[in-house]
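Those protein sequence lines, which keep their order, are chains A and B. Using this note's numbering, the letters of the first sequence map in sequence onto residues 8 to 386. Using this note's numbering, the letters of the second sequence map in sequence onto residues 496 to 903.
These are calculated hints, taken from the structure and not from any lab test. Errors might be hidden in some of the hints.
Said to hold, decoys possible - Label pairs and their in silico Cβ distance ranges:
{"no.": "1", "chain 1": "B", "residue 1": "PRO541", "chain 2": "A", "residue 2": "ALA33", "range": "21 to 31 Å"}
{"no.": "2", "chain 1": "A", "residue 1": "PRO238", "chain 2": "B", "residue 2": "ALA600", "range": "53 to 63 Å"}
{"no.": "3", "chain 1": "B", "residue 1": "VAL843", "chain 2": "A", "residue 2": "ARG245", "range": "31 to 41 Å"}
{"no.": "4", "chain 1": "B", "residue 1": "VAL843", "chain 2": "A", "residue 2": "LYS26", "range": "32 to 42 Å"}
{"no.": "5", "chain 1": "B", "residue 1": "ARG635", "chain 2": "A", "residue 2": "VAL184", "range": "50 to 60 Å"}
{"no.": "6", "chain 1": "B", "residue 1": "LEU503", "chain 2": "A", "residue 2": "ARG357", "range": "27 to 37 Å"}
{"no.": "7", "chain 1": "A", "residue 1": "GLU296", "chain 2": "B", "residue 2": "ASP549", "range": "37 to 47 Å"}
{"no.": "8", "chain 1": "A", "residue 1": "ASP23", "chain 2": "B", "residue 2": "ASN646", "range": "56 to 66 Å"}
{"no.": "9", "chain 1": "B", "residue 1": "ASN646", "chain 2": "A", "residue 2": "ASP207", "range": "31 to 41 Å"}
{"no.": "10", "chain 1": "A", "residue 1": "ARG245", "chain 2": "B", "residue 2": "GLY791", "range": "26 to 36 Å"}
{"no.": "11", "chain 1": "B", "residue 1": "GLY528", "chain 2": "A", "residue 2": "GLY171", "range": "38 to 48 Å"}
{"no.": "12", "chain 1": "A", "residue 1": "LEU283", "chain 2": "B", "residue 2": "LEU878", "range": "28 to 38 Å"}
{"no.": "13", "chain 1": "B", "residue 1": "ALA748", "chain 2": "A", "residue 2": "ASP185", "range": "51 to 61 Å"}
{"no.": "14", "chain 1": "B", "residue 1": "GLY670", "chain 2": "A", "residue 2": "GLU30", "range": "51 to 61 Å"}
Values in this document were obtained by computation on a predicted structure and should not be read as measured data. Virtual Cβ for every residue (Gly too), placed ideally from N, Cα, C.
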Amino acid sequence: MEVLERPLTDSPQDLDVIKAVRELAAGPLAELADDIDRRGIYPKSILHRLGELGALKAHMAEPGRPADYGLAIAAMAEVSRVCGATGFMVWCHDVCGVYMEQSGNPALMGQALSDHANGQTLGATGMSNPMKTFAGIETFLLHAKKVDGGYLVNGTLPWVSNLGPDHYFGAVADIAVDGVVTNEIMFLIRCDAPGVALRDCPSFSAMEGTNTWAVRLTDYFVGAKEIIADPVRPFIGRIRAAFILLQTGMGLGVAQGAIDSMWSVERQLGHVNEFLDDRPDDLQAELDELTARIMQLAKTPFGTNKQFIIDVLDARAHASELALRAAQSALLHQGARGYLMTSEVQRRVRESHFVAIVTPAVKHLRKEIARLSAEELPA
Amino acid sequence: MKTTAAWLLFICKACGLIYDESKGDEDSGLAAGTRFADIPEDWACPLCGVTKADFEPYVEETVQRARRPVTGGDTVRAKRAAGTVIVGAGRAGWQMAQALRAQDATMPITLVTSCNGDVYDKPLLSVAMARGIALDKLPREKGAVAAQRLNIKLLAHTEAIRITPSSRQLRTSRGTLRYQHLVLAHGAQARSLPQFPSALCWRINHLQAYAKFCRALGEIKQRVAIVGAGLIGCELANDLALAGHSVTLMDVADRPLAATLQATQSQQLLDAWKALPLTFIGGAGVKQIQAAGLRGEKHITLEGGQTWVVDQIVLAMGLQTPNQLAASAGLAWNNGIDVDAETLATSVAGIHALGDCIAINGKVSRYIEPIGRQAKTVAATILSQARVPYASTRVPLRIKTSSLPFTV
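The following block holds chain A by itself, in its conformation from the complex:
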């Protein structure tokens, strides 16, 4: 695999991380990508290795090292460039780290967070439903009731990715008192705890290897040790930009992978490909500009200013749109060879679709931008 001409981040230590991730991606991950896609192989060892390389914790500060969201995004992009499904799982794990780190709950920090940050334990996120509920698109699927020392939660989340018997993930349940929803709690669900059942999901395009399960909770007990946030809404408001910014790593990576595929046939097919729209140099220029913009936004991942949030939402939408265009164009550039089921090019088309529809989807992003942009008038 050819390397990017431009370093993604500044410090030599960061470059080492990116270089190591790139090697892992171009080697073992590239070899496994087709199995992940078509045989549903879950790349657990790759995820552990990414943790060892420091690729899963760049966005969380450690003693002597500040948090660097730009580096976390760049690492996710390097993974997504080769395998979008694995890139998505990196995001699932990364954002679970944000929940734990920002929870302020000692039980979710300390050793637990350190194991998570280094990829020794693996985490995920079941926040699609709550995010859509807060945006007025869905209603809560998990329901909690107060009991001695905590809550009992019931309900089913239709699909949660990057799960396993020893994994855990963040989720939200509403709390009804006498049938009226009064509040919500955000908490960690441990897949091996009593009351948790993982159930098979239908097949997913491009995401078969992501260990995606339906999760049914039956009287699942949430104690103080599992609480991420209570109340939930201010917490979500605070981590919202970080949550969305991290996702841009998927779009940037899938787009870069597609551009790589265009270049790989340029010598043989350039004489006909020059008649296509969206040529690799144009797309690369647009991708580089967008990357620079995202790196700038990533310097203040916890911003809450309205214009900043609009910028973040738009950057995420742009990354999705660019991934769609690039993947589509890469298929046209490669022609029949890209259409083979074994080709990464057609796999990437499906990955780009996923980037565009995973919550928040392009349509959700635009709706939210319109809502935030609207002029407020008295009632």
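Please build the complex by placing chain B on the supplied structure of chain A, with the hints as guidance.
Coordinates of chain B only, in the frame set by chain A:
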């Protein structure tokens, strides 16, 4: 087996599979190190099944990514029919569309606006009540009808989010538009300050806000405070008072229209207003606005400590140009979008601007008359016609305080 020569690569002409002599192809029984020449003729490409004869030698070459090896690509690639995109459907936006369509019947034109796109005369908003113009009579033409008449695409209720000049794209809340020329005609907004929460104070700078304000007023006479006694504040105060509302007009200056009229003229205006339910409070700096009471009343607290209880508050402290869109494109800014005095071009190629959002040498002009001339100037540039240099001229200003109108 010769092992001294370098390993060679062969590419399948059908599917692009590369046979690497050093690796062989285990699946089809070719051990690592099998020379291509030694492969049986009936061997088939493991990927697509074509025969050995369909392979050719392949030499790995790194493609220089910065430049495509095939030349002439840029000239071959047809320019997309991106046309002109206009942001804003006030007078400036519609005049721009009109000026372009008058000269070019086929150019694709897209008008992007956060409002519904209806065509109306904004100056009427501050005199409509006294003239008895019903709300539904204010739009001269529905946006969709005007769009059809001019054969343009109208994207109503659409937010322009960001410009990426390098790829000539305008990102909006309804998708991304490519443009060959972009014209910013998005106007300005009512100025605000932190002590004026937007949920409590009206900012009436377009028809939709005015319509909502009128509906909030309803049929009952209300207590209305207008903050700012400039042109719009005085005209609105005059209009609302004539309609029977009890109006308190406030300004930090000690007389109305202090920036436009001489002291004696301000006094004449105050005298003319004596017959109306209109009180002017000079030297009034607003400290705080709060919602109070069950009927939606608002409390205005002045710096001096006095408190006023009103039903509605209207801000008329002047206009300011929103800068997000201009900033996203890196446009030069000088009190507004900095444009060339003669061509109205912005500092970035392919982007022009006119109307309330521009500033020429740091000066804004927020009047109606220049807009038509500005549109002709920009149209001439876009259509590569003979230049029509724009000239800033001072136009007489009519202050439509009907109790005592002024022309200055």
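Here is what the structure says about each hint:
For PRO541/B paired with ALA33/A, a C-beta distance near 22 Å keeps the hint of 21 to 31 Å intact. Range check, PRO238/A to ALA600/B: about 60 Å between beta-carbon atoms, so the 53 to 63 Å window is met. VAL843/B and ARG245/A have their C-beta atoms about 36 Å apart, which keeps the hinted 31 to 41 Å range intact. For the hinted restraint 32 to 42 Å between VAL843/B and LYS26/A, the CB-CB distance of approximately 37 Å keeps it satisfied.
Taking the beta carbon of each, ARG635/B and VAL184/A are about 55 Å apart, inside 50 to 60 Å as hinted. Range check, LEU503/B to ARG357/A: about 35 Å between beta-carbon atoms, so the 27 to 37 Å window is met. Separated by about 41 Å at the C-beta atoms, GLU296/A and ASP549/B satisfy the suggested range of 37 to 47 Å. At about 58 Å, the CB distance of ASP23/A to ASN646/B agrees with the hint of 56 to 66 Å.
Between ASN646/B and ASP207/A the C-beta distance comes to about 55 Å, which lies outside the given range of 31 to 41 Å. Between ARG245/A and GLY791/B the C-beta distance comes to about 32 Å, which sits within the given range of 26 to 36 Å. Restraint check, GLY528/B to GLY171/A: a C-beta distance of roughly 41 Å satisfies the suggested window 38 to 48 Å. Roughly 30 Å separates the CB atoms of LEU283/A and LEU878/B, a value that falls within the hinted 28 to 38 Å.
For the pair ALA748/B and ASP185/A, the beta carbons lie near 58 Å from each other, so the given range of 51 to 61 Å is met. Remark: the range hint 51 to 61 Å for GLY670/B to GLU30/A is contradicted by a beta-carbon distance near 38 Å.
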